[in-house]
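Student: Can you make the complete structure from the sequences, with help from the hints?
In case you want the letters, here they are:
There are 2 protein chains.
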Amino acid sequence: MPMDPTVAAKAALDPQNFALANCIRALAIDGVEAAKSGHPGAPMGMADAATALFRNHLKFDAANPDWPDRDRFVLSNGHASMMLYALLHLTGYEDMTLDQVKNFRQWGAITAGHPEYGHAKGIEVTTGPLGQGLATAVGMALAERRLAAEFGADLVDHHTYVFLGDGCLQEGIGQEAISLAGHLGLGKLIVLYDDNSITIDGPTSVSFSEDVPARLRACGWHVQSCDGHDGKALNAAIAAAKAEGAKPSLIAMKTVIGFGSPGKAGTYSVHGSPLGAAEATLTKEALGWHAAPFEIPADLGAQWRSIGARGADARKAWQARLAARSPAEQAEFNRRISGTLPAAYDAAVKAARDALFTAPKKAATRKASQMALEALTPALPEMIGGSADLTGSNLTRVPAVDSQYTRESPGRYIGYGVREFGMAAAMNGLGLHGGFIPYGGTFLVFSDYCRNAIRLSALMGLGTIYVMTHDSIGLGEDGPTHQPVEHMASLRAIPNLTVFRPADTVETLEAWDIAIRNRHVPSLLALSRQDVPQLRLEAGTENLTAKGAYVLRQYGQGRDVTLIATGTEVALAVEAAEALHGQGLSVAVVSMPSWELFEAQPEAYRAKTLGTAPRIAVEAAGKFGWTRYVASEADVIGMPGFGASAPAERLYQEFGITKEAIIARALALTGR
Amino acid sequence: MPMDPTVAAKAALDPQNFALANCIRALAIDGVEAAKSGHPGAPMGMADAATALFRNHLKFDAANPDWPDRDRFVLSNGHASMMLYALLHLTGYEDMTLDQVKNFRQWGAITAGHPEYGHAKGIEVTTGPLGQGLATAVGMALAERRLAAEFGADLVDHHTYVFLGDGCLQEGIGQEAISLAGHLGLGKLIVLYDDNSITIDGPTSVSFSEDVPARLRACGWHVQSCDGHDGKALNAAIAAAKAEGAKPSLIAMKTVIGFGSPGKAGTYSVHGSPLGAAEATLTKEALGWHAAPFEIPADLGAQWRSIGARGADARKAWQARLAARSPAEQAEFNRRISGTLPAAYDAAVKAARDALFTAPKKAATRKASQMALEALTPALPEMIGGSADLTGSNLTRVPAVDSQYTRESPGRYIGYGVREFGMAAAMNGLGLHGGFIPYGGTFLVFSDYCRNAIRLSALMGLGTIYVMTHDSIGLGEDGPTHQPVEHMASLRAIPNLTVFRPADTVETLEAWDIAIRNRHVPSLLALSRQDVPQLRLEAGTENLTAKGAYVLRQYGQGRDVTLIATGTEVALAVEAAEALHGQGLSVAVVSMPSWELFEAQPEAYRAKTLGTAPRIAVEAAGKFGWTRYVASEADVIGMPGFGASAPAERLYQEFGITKEAIIARALALTGR
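Respectively, the protein sequence lines represent chains A and B. With UniProt numbering applied, the first sequence has no gaps in its numbers, which climb one by one up to 672 at the end. With UniProt numbering applied, the second sequence has no gaps in its numbers, which climb one by one up to 672 at the end.
Some hints here could point you the wrong way.
With a Cα cut of at most 27 Å, we get these calculated DSSO-like pairs of lysine-lysine [said to hold, decoys possible]:
no.	chain 1	residue 1	chain 2	residue 2
1	B	Lys36	A	Lys362
2	A	Lys36	B	Lys367
3	A	Lys242	A	Lys254
4	B	Lys361	A	Lys36
5	B	Lys362	A	Lys36
6	B	Lys36	A	Lys367
7	A	Lys361	B	Lys36
In short, the hints are calculated from the structure, not lab data.
Tutor: Okay, here's the thing in structure tokens:
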């Protein structure tokens, strides 16, 4: 059968590009058919653009996928995963074997339904939750520019490419990313927009009629439009985007979803379901594709492998430039990229500890966090900070991290604007790029706004650090919209996230130390607005916060009752314990800055710390979850529901989070 | 002292407007000073615009604040709350007394730090979390248009006004709302943008440099710019915005934050802190204000009260138009506004129940949800549905709710696009407006994206209904980015939200019935992708889901072990119980579709249902929180961490959520 005439007309625009793109389309069709699930439409529509990018522009060397100066390729519309797997397989990434492609979406395969970071080289980021790929790519572009400023353009000079669809542009986080990238003039960020006029619910006209190019121009972007099936036009557009250095670029590509499918192209039915055997056959005929399933004709396969090797010389030249640097420069560059800490770091931690034991401080834990940052960041040029427009509240800015990241000069402090979700995803991108330990602040209650990016930090195993201040009703007058209640529980429920609620200056420093050292688990610090006394006063080198919980105070011999508390309520528990001891009870106060770290301790340690006496938990937060450690929620001195607007002291009284309430419950439990 | 010359120049533009606006400024200054906390800057900057709006345009009658056809006024930058309280007080809202204004931000006052819905008439929505006021207002405008189409423009014909600042425009949800409003041509939505060039972190140039008017024009908005301190210009701009019926309007007002403060105007220091006594005095002098704190000169007070009464005639005329309708029309309009259910509803529920007991069905609970909607929506014209671009997956569209809400015709089904957060906030707005029961769908994992709007539904006490499908690893191949794990726990942690995870068709119908009846608590239905058998087979009229948990099956006399399960795992627990009974154990299977409803039951019922035998919980979700009902997480058959990409059956096996695992644990606990 001859090629479909519409297809043939497109093919004629750049026959070689078209033939190579057909390899992607064929693998996407076959992969989805074999899995009996998946999304063939987007890979088929974007294959020509991906081919043009990989053939002529993308700087990479498939044999050395970790080359630090490679271009980053982000598939923000992650459901198009088969396109990425096909590209990696075709260009010769070692781990992306044909077997993996055939096992698309199966248990144990690296070819998951959506691209999962860590499964295979070449998957630069986990995508699927829409909009976040773009926002993460903004972080990568931020990283590239800052690292280039630190180490020179001969070592760091690459682009970040993003493919995305309508969904990424409809999601609010997309706009946050667009606005920030435009504001900071991230000229090396190049976005290819798969403008196929189709969403899951039908034509985009159902819900999306804005002028995307005009919106992005309004946000300071360089915008082009082109035929997404014309290799030459795509090639020219990408070249023009690369030539624009001061603005991020959008290339709006008019494409046909499911390109080539006689019965389904251009319809939403090809978005998220296999073509079906019959339509798959017809589609291949229409595309002029005659190979068996999962087979790539030898000449095309060879062309693709040569594309995969195209960057080898550039990589070698880069390696030579690195080797030409001084040994110290090489070591520092390699240290930064590998994510190991500098030798000076340990000393900085020790000095900061010693200072706290020498001159104990009463301070809000947000202030303690600032003190920790002041002490540690001079030793850590990789730390890059910021806030979602709450710098003066989060106290995230310190002298070593004070230079503003601007369009003109990429400093160490990023004004993310009122864009919590965009900030969190950008921090993930800074971490993924390599060379940085990102941290950023907002109010704990607004962890809601960026929650799915925190989840992705955890799922990807990235050491992103979230500085979340104003962690309870202790924030006072701003009222219930700003008072976290359910947030501690809801964050503790996220797997692979370490949540800290430190009690004082020492625990805050210890939490920071753990967060900084842990490059594969994200950390979230819940910090107070209000002052707390320093409770840890005996000098010691052991990081007790690393145990998650420990006996902070012991009153009397043995135990009649154990008070477990976190954060600002540890001081309250200590007061109550002193009073109870005055009434003849033996009391242990357990400070529990991190549930996750405590759960990781040996059973014997946990049992000894918790003890067998009745336990009471004290936390100015919802009670949900505390039954892990106490018999029932009646033994939790915490919040019964949402907060209220009033001065903090009044709120603690009204909601019954008081010394008296702890004492009363302890007496009831011990039968006194 | 004479008025500050800069201030005087502005005052001269519209002296009367300026004088009235000074009443707002003075109260804002005094309220914040008295509270020693708050945000004076925005009220001082926006006072002229608010005055122009209330004086000449806003349709309201302070003596009848519940008038259904009043214009809605939304303060999206909720930190400017003192402006709203001042307006309500000045125009004569009965409950907004001077004492309340003086008690700003104090325990028990209705004048919270941010406006709290339900505290006082005239507070149309809780605001503070930025961007959501705007998105909620979009819902109000959607409601107005639909209700007008149903009942006629003589009964429903009002505007929705929004004040907002840079923060609302930086937040992603702002763009979601803007894009949707533009797409649907919500011409009666008018937004006044307080363009003061200041954010908390300093000048907006730190993080925000886009061309806002151009962005909104690209999204189909009518855009004007004007001097935000010129009453006449504001008046004209609002009039022009009202004249534009086909597009939502933005009026970008150039304002000075803290207008009038000699030392702090135009700086971020006036954003979130009191002026201080000395600066307050200087500011009043500069404004030409000579009254004592909290005092309003008699003539200005009288003018404001007459503004508050300005709409009385219009309200009476409206009342007459309503009275002229047929009794049936009046009754139906009043029913819709009051949120009571129609007489036919009970019969619809009963018929749907009977049908399930007559012909039991094996179905995914998302399908069961669709069946429930099919059965109930014909009796409920107030139900208005939608999905964030997952209609075919969420199964939210049914014959009675099938008419698409378009620019041309406001139907009952809203294509929200890939905008979960915008959808959730818009649903809150539909509910706040009155006349509607909104429901909308997305995947459960993407509850993350709209989490803070769910929180606001709960905080405001709105009966918004969230249809969240694909509720576990049961969704299979899409992989861990799409598989909820921590979501059940994190949603159960939110106060005042009823979370359902129904087990079968009957429980799903019952959950819908509860959700529909409960107009003051939001409901979230976690629904499966995969089929489950109908477990409830004995006909009965009692809604057992309303008890939260109940003994679904009892095997043998007494109890050796109790299996508690939710959703799709109830069927698994039943299988395990049958096997255990075969081995000689007495087993109760407790289906627990809603923790919150169970907790609301009498202690005796709870104790009897849970029993005293060892308990095992079964849920394809994280184990966090289950210690409320079982002794330790070792007794939870659930997910140990994130999911994976593979067919669902394989995932259940690999993660150990199996009949065999339940049996093994039961045997271990009972010592068999």
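Student: Going straight from one Cα to the other, do Lys36 of chain B and Lys362 of chain A come out at no more than 27 Å?
Tutor: Holds. Lys36 of chain B to Lys362 of chain A sits at ~23 Å (cutoff 27 Å).
Student: Within 27 Å, alpha carbon to alpha carbon, are Lys361 of chain A and Lys36 of chain B?
Tutor: OK: Lys361 of chain A and Lys36 of chain B at ~26 Å, within 27 Å.
Student: Decide if the proposed pair is consistent with the structure: Lys362 of chain B and Lys36 of chain A, CA atoms, cutoff 27 Å inclusive.
Tutor: Given that 27 Å is the threshold and the Cα spacing comes to 23 Å, the pair holds.
Student: With a cut-off of 27 Å on the C-alpha distance, tell me whether Lys36 of chain A and Lys367 of chain B pass.
Tutor: Roughly 21 Å between the alpha carbons, so the hint for Lys36 of chain A and Lys367 of chain B holds.
Student: Hint check: Lys36 of chain B vs Lys367 of chain A, CA-CA at most 27 Å. Holds or violated?
Tutor: holds, 21 Å
Student: Are the Cα positions of Lys242 of chain A and Lys254 of chain A separated by 27 Å at most?
Tutor: Between Lys242 of chain A and Lys254 of chain A the Cα gap is close to 20 Å, so the pair holds against 27 Å.
Student: Given the hint that Lys361 of chain B pairs with Lys36 of chain A, test it: the Cα-Cα distance must not exceed 27 Å.
Tutor: It holds: about 26 Å lies between the C-alpha atoms, which stays within 27 Å.
Going through the hint list in order, the structure satisfies each hint without exception.
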